[in-house]
Amino acid sequence: MTLALIAALPFLAALLPGLTIRAGRTACAATSFAASALAFLLLAAKAPAVLAGEVLIYRLDWLPALGLSAGFRLDGLALFFAGLILGIGMLVIAYARFYLSRSDNMAVFYTYLMLFQGAMTGIVLSDNILLLLVFWELTSLSSFLLIGFWNHTAQGRQGARMALAVTGGGGLALIAGMLILGNIAGSYDLSVILTKGDEIRASSLYLPSLVLILLGCFTKSAQFPFHFWLPHAMAAPTPVSAYLHSATMVKAGIFLLARLWPMLSGTPEWFWIVTSAGLATLLIGAKTALFKDDLKALLAYSTISHLGLITLLLGLGTPAAATVAMFHILNHATFKAALFLTAGIIDHETGTRDLRLLGGLRKLMPVTFAIAAVASLSMAGMPPLNGFLSKEMMLEETVHAGYGPAWLLPVLATIGAAYSVAYSLRFLVHGFFGPAKPTPQKPHDPPFGLWAPPALLAALVILIGLLPMTIAAWLVNAASSATTGTAISVKIAHWHGLASPALWMSVAAFAGGALALAAYRPFRHLWDAAPKPDAKAIFDAAMATLTRAATALNDRLHDGSFTRATAIALATLVATCAYAFATATHTAGTRPLLPVTPIPAIGWLLLVTATLAATLHHRNRLMSLLFVGVIGLILSAGFAWLSAPDLALTQITVEVVTVVLMLLALHFLPKETPRESTALRRLRDVALSGAAGLGLAALAYAMMTRATAFPPISAYHLAQSKPGAGGTNAVNTIIVDFRGYDTFGEIIVLGIAALILFALTESLLANGAATRRLAQFAASRPEPAGDRHPLLMVMATRFILPFALMVAAFLFFRGHNLPGGGFVAGLIAAIAFVLQYMASGLGWTESRQRIAFHSLIAAGILTAAATGAGAWIWGLPFLTSDYGYIHLPPLEEFEWATAAIFDLGVFLTVLGAVMQALNSLGRLARRAGERPARTPYDIDMGEGL
Amino acid sequence: MIRRLFPHPVLSLLLVGTWFLLVNKWAVGSLVMAAILATLIPLATHAYWPHKPRLNSLPLLLAYIALVVWDVILANIQVAKIVLFMPRDRIRSRFITVPVSLKSPEAIALLAGTITMTPGTVTADMNGDGTALLIHSLHAPYPDAIRDEIKSRYEARLKRIFE
Amino acid sequence: MTVILSLLLVIAGAFGLIGSYGLIRLKDGMQRLHAPTKASTVGLGAALLASMLHGLANGAGFSWQELLVMVFIFVTAPITANYLSKLHLSSRRADLPETGTPRPWGTFDATLDDEEPVLPQRPQS
Amino acid sequence: MTDPIFAYALAFAFACFGAGFLLTLARLLIGPAMADRILAVDTMVVNAIALIVLYGIKTGMGLNFTAAMLLAMTGFVGTVAFCKYLLRGSVIE
Amino acid sequence: MTHAIILPVVLPAVLAPLLVLLRHRLPLQRALGLAGSVALAALSLALLAQSATPHLYRLGDWPAPFGIVLVLDRLSALMLVLTATLALIVHAYAVATGWDRRGPHFHALYLFQLMGLNGAFLTGDLFNLFVFFEVLLIASYGLMVHGAGRDRLRAGIQYVAFNLIASTLFLFALGLVYAVTGTLNMADIAVKVAALPPGDHALIRVAAVMLIGVFAIKAALVPLQFWLPGTYANAPGPVAALFAIMTKVGAYAILRTVTLILPAASPAIGPLLTDMLLPAATLTLLVGAIGTLGARTLPRLAALAAIASVGTLFIAIATNSPQATTAALYYLIHSTLATAAIFLIADQVTTRRNGTLTEGPRLPAPLAALYFATAIALAGLPPLSGFLGKLLILDALRGHPWLWALILCSSFLMILGLARAGSTLFWKSTEPVEAKPQTLALTAIATLLALLAALTVLAGPVTDWLALAAADLHDPAAYIAANGLPLP
Amino acid sequence: MELLIAAAIGLLTACGLYLILRQRTFPLIVGLSLLSYAVNLFLFASGRLAPDLPPIISKTATAYTDPLPQALVLTAIVISFGMTAVIVLMSLGAWLTAGHDRTDMDGGDDK
Ligand code: NA
Ligand code: NA
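Sequence lines, in order, name chains A, B, C, D, E and F.
Per the numbering used here, residue 1 is the first one in the first sequence, and the count goes up by one each step.
Per the numbering used here, residue 1001 is the first one in the second sequence, and the count goes up by one each step.
Per the numbering used here, residue 2001 is the first one in the third sequence, and the count goes up by one each step.
Per the numbering used here, residue 3001 is the first one in the fourth sequence, and the count goes up by one each step.
Per the numbering used here, residue 4001 is the first one in the fifth sequence, and the count goes up by one each step.
Per the numbering used here, residue 5001 is the first one in the sixth sequence, and the count goes up by one each step.
Only chain A is shown next, with the shape it has when bound in the complex (with noise of 0.2 Å):
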């Protein structure tokens, strides 16, 4: 419990800032401390059982079914890491309140920090390697934050992302590899994994785990050939800098080695990749280190050595070696703290980090002077200071490698510490020696809170030197003793004879180094003029290349075309579903065939030749239009003589309305499709429709030449249309009854398709572009003939209108029992009505008598709910319908059913919609300048109606 408190502390802390800082900056400050100072004190609680042997471990269930749960674990390598994160984080949050300018948001610096603390904790503390991952992605998250903290410099958005690209991808290698490693393990606990090393390594699977493991730790700790985001992440603040990239991320990376470092290391792959990982790192960051003139620069390229040392260390794979990896992650910690923190101080005090342009620091800044002289000669690896220690037992086990020919590594790793020594020394000599160079601000040492942090490191780095054994051993011990799961029991000694080779590589290092400084600037024009690759340019041009890539491809891909859209779904569906019949038996149908007898020939004919007029045709829109009617006609006269009475009927009023609406439209819309496919297309076009259609064709000629090989459901609508359902045409009753349900969607789609025109109408009268257009359509519009509403056909309405309705109302009633029903009524009411529209025109038909469309379908719509949500009463579920008989004299007996109020409902809605639509269309048309009629005919009849 106490661990995943430790673990929650900052996230709960991370919440706090932006409350406190109203209460001001120190405030704001002080609860970071005291979080981090709180979670200290849990772990320092634990500590003597830890370091006893005792490892806690803390489960709470999470995601079962993955195997991931809140599992923590404090063990020595989790205390020795925690300890160095809460404790430097302590010093960093006192230092960040005295380092932050008046005009940063320290709020949300504070919230960075602390998500980032607590993801860094989590990561030690985890005993699950899942929860670990999650962690793990969360530094990667909150380092981003907090590199990109100075967001309006290029710099710290570039040098963010590019954090992030590197250790966010990395650490989806590394989820891979965690996966991998849980499978092999068959748990995703550390306390299972530690016990299969054995079977992780022999397993098929360990090369593949253990690549992409390394691949998330060398990205997060910053191994070459993945160093080149740190030195960028110098974007951050100081602070940021100092705790993220000296003492705690990059070392996550290196935690993580440590940690697998039982199941994964000993085999020929561990070491030669790590090892060589490693070295090259160390070389390649020492080197370049050297030659760096921002402060932060040589800082960061010198982290990346150092933590080259220690990944050489670990891939060595032997205990010893591990042990010396656990001391110089200590002692790097407090020295390169220590010396970003100085760094930070000269940049506040001086307003430069530039090496070439400081000098003669020494004198008037002796406080800092003597932080940084204690901490850079400690990472030169001068005795008596820690980084001596760890440096001369490093140089001892190189020897005992066997890292190809023997002398080989201790040479490279003399090498290397000699050019540590180097800009050790440069740092110290180029910044603090010499004369007074004039900066942009007066530097003078800083305030004690710039200062107390980074003295006590310093203090440490002393106190580790002359006293290893009382100040570190123990610690060293308990972690290297968890890391490789053997008790470890350290000798730190300053002296280990003449015969040590270890100390003539540092006597060579020492002279190599000072040497290098000696002849700096020879070095340096080196240097200079050496092609170097840079890393960054490298990576932006990598990233712009990528994404200039997936933005090419996207706006190919997503360019809008409807068109290509279609035909390549088009071919796909043809493909797959010619693929899908293939791969099956098919055997041909049985049914007897229909004989062709003369007049539906003669109806095919027509409809295949209109179809292909249609087509053909179709750049004459109202050409077009006309086929189509022709097409709808017969389809109306098919379904007539295949049984379907009620098909046609819905065909033949639907078809009215549709060329109706279709002619209204094309009124606005350009009269010709302009000639604009290239014949390539339209043979594209013409080959994929013409698939498609053969293969339907096909489709159909199976489907009907064959029985079903199971009795239709149909068979029971037959059988209960009467009994069941009270209604002799089954087509109804399935309509009305059986599958009412349906129905209530289908007048629900017409009732919304209706609003959806109404409200489109009224956006398009608010649009300024579209009323524009139309006023500029009514002034360019042709003279049209005279006579708008000719007699003739007003009288004829007149007449047809009552006698259209009284059809309807016919249709409506006998729909239960033969051909008809709301759906076929509404429609007739509704063309009874468009012709009254057409023959006076909307104006002075809506001024005589104006019907409020929008509630004649919200009432159809609530009449069939309300139908079907009476059987309730009952009991009966949604649309039970009932019928019964009644017989009042002197009236014949006539039959009722509630599906007739349902028919209602259906009726209501489709006269609705239909006028509906036809009325949104006219509303255009009065926009585009039409005026109402003052009469219902144009003729002069001298009535003044």
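Warning: the hint list may mix true and false statements.
[As the list claims (entries may be wrong)] Residues from chain F shown here face chain A by an in silico Cβ test under 7 Å; the list is partial: (1) E5002; (2) R5048; (3) L5074; (4) V5088.
Hints were generated in silico from the structure; no laboratory data involved.
Note that the Cβ used here is the ideal one computed from N, Cα and C, for glycine as well.
Position chains B, C, D, E and F with the ligands against the provided structure of chain A, taking the given hints into account.
Only chains B, C, D, E and F with the ligands this time, still in chain A's reference frame:
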């Protein structure tokens, strides 16, 4: 009240008749239904037929319809002959102006319709104040005769029925 | 009865065909207008009459509904003809006879469009 | 009704209206004016009504009769709409 | 219980027309509309609580397979809850931002949309699924062009046209299914297809592919995804957010198809469908991830991220094992909420500046924070549910190294894309003036993220429940039995 | 006869799709209409062809055509009508706001 309820009584009667044509059977129930509809529908459409046409005599109107039907049948044979047998370049088609003295729009419409339905002639247009009809005749060697026949045979009767 | 029915059917067929044939044979648009608006209607009328009688003949009873079809055809055919004529007229105004009144034929009467754009009031009742 | 005379007469009527269908199709395709094509479609509707009625006589079922009635009642709406479009542009004005 | 199943359909179907009647009173519409959304949320939760065994609702009291039935099982209940939750939040957002005022009938269309969605999730009848597809689609057309505007209308036409083609395809498939099996009830089709004579196999397979094609268009699987970016990017922000559930309708339907209606266990179908889905899913993920990196505007980026999430989802669906289905369902919930959040954020951005990924006026800091969290969710990074969803999917895909590589590489591309977009939009600002944040609107977005957080924290119980749902799907015996049909 | 119907379905589909691919909204709408005719016919045909067997229950009838596909086609016709109305007005709106009626965006809609 009655006027308000039945704005077009003749129409209402016709609608009742129509209902029976539709249901195709005689029953009291149908009559009730027909009566309800024949009342409601003219009320619903009254707004679009604002004034009530004058109808002097229903029998005369029925007689007129019978006359027209008879004319349609007879004259159709003539048109058939023309279509089938008359060489195309001997067909003398022409437009004829028929002055109209009818005032009721219903009557004018009926006249125009009659002209169209009786074979050989089609009402093509009407002038701006409804005082002349433009007739197209399929084969009119003597246009004046056609005009006179229209005026005497149809217009005169309609005048008596509607005015 | 059979003979009457058969006769009616023959008449129906003959006139129906003549109507459509006229559509092909006649040479000018206005002429073609005559054929279908009437020949076809007589053909259809005969067929409808046959249908009415047929119901009587096969015992289903005399069917009255056909009358309605006839009525609708009679009412709508003149409108169709009127509109199609206007369509023809609008492309050939030269050889039309005078109206004999000051107002031109409706198809060319521009004054009909120039009325006051005033919405009529609801009828007071 | 199985009388051969009646059957022949019915077949004759079917043939005539069927042929009429083809003739209207020809006019529809050759035009030349839009009015001619519209007229052809209008005539097609009349022919279709007749065919439906004849089919009703043939099968002795009056079920499709309503379809014929609807075609007669609404078929001309399309014709008028097309004409009105060509004459005035707007169908509902 | 009895009539509660139909209420998610009937309630909006009644409320929406009432809103139409109240079309001149916006405050009343808002109150009633939101009340409707709240009621639907409560209702769906109540149904979820009772979904342990499949419940049948026989519309019109006709027995299956002759009448239409609704079937409430865990999956449909889950979809109802997800829809209602999302809808409620987005509805509040639309009101808060005044989007509902930009054209008439917003609330009515919105409720109709919910009705269509609920109907589609509940129905046990294939043709009725078509009908409710149409309801939800036509409502979505209305919402899509809400407020009109040039690009929106043009994109809308594509959306409508593409879906009309899809609907046609649906009907072709339905015709074929009916012609071969003689039934429309989903469970009955399953029963019949299992017993289909071999001579009919080819036809039913074609129908199966057509159905999957229809659903794949809805789900925006490559190469049927082209309609999505234009549609979503041009739709009003809250509508695009609601549309996050639309692709899931396709996913839902495909899940039903491959587990119940036309399962791989049936000899006629075999692995046909999943074999087709997997390559499509991988391509979808790739196209979406690349598009996320390459997008030029935030709405487009959101749309392509939505496509990527569909790809991930379908990799799991195509794997077609109970474990993978559990992962798919978890990811489905996550991606719906996350996608909605990014669309709402895109809306917040585009109402303040144009959506192009170039520097512009400074955006409110809370919005930046919400973007950051949403980006984390979309990229599948910890700590939000996207990470857990991806882990679940990866775990279910053991032994498929290429799929692992694909999923992880896509995540990488999305990280790059989202980071690029975020740093440009929120960090690279020209004017220091800070626009006033719309607190209510941001709260709505934050609520979506809070739900993601809850989904993360409660991942254990949630996946346990989803595992039950997945088990139901992979053993549809109870579903078929609830229809009163004999097991195949 | 089945062959003729199948051919008609195929032709309507092919022509409909061809028109849909024609880059302008009006042919698109016409194409969608043809497509919907095709699918209605197809759906109808799923009940097989049966002249003279109307689905009206009567004592004299011995057999009926399958009524279910007819009911389905009815639903399909209605829905397709609603959809047509919507896309027609949307096309009009697009034309009025954009000044052209192309269905394809001009190479990426938000560049
Ligand atoms: Na660093
Ligand atoms: Na005449």
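Here is how each hint holds up against the structure:
Evaluation of the E5002 (chain F) hint against chain A yields a held restraint, the C-beta minimum of about 4 Å falling below 7 Å. For R5048 (chain F), the shortest C-beta to C-beta distance to chain A is roughly 6 Å, which falls under 7 Å, so the interface hint holds. Hint on L5074 (chain F) holds. Least Cβ distance to chain A is approximately 6 Å, under the 7 Å limit. This hint holds: V5088 (chain F) has a C-beta 5 Å from the nearest C-beta of chain A, less than the 7 Å allowed.
No hint from the list above goes unmet by this structure.
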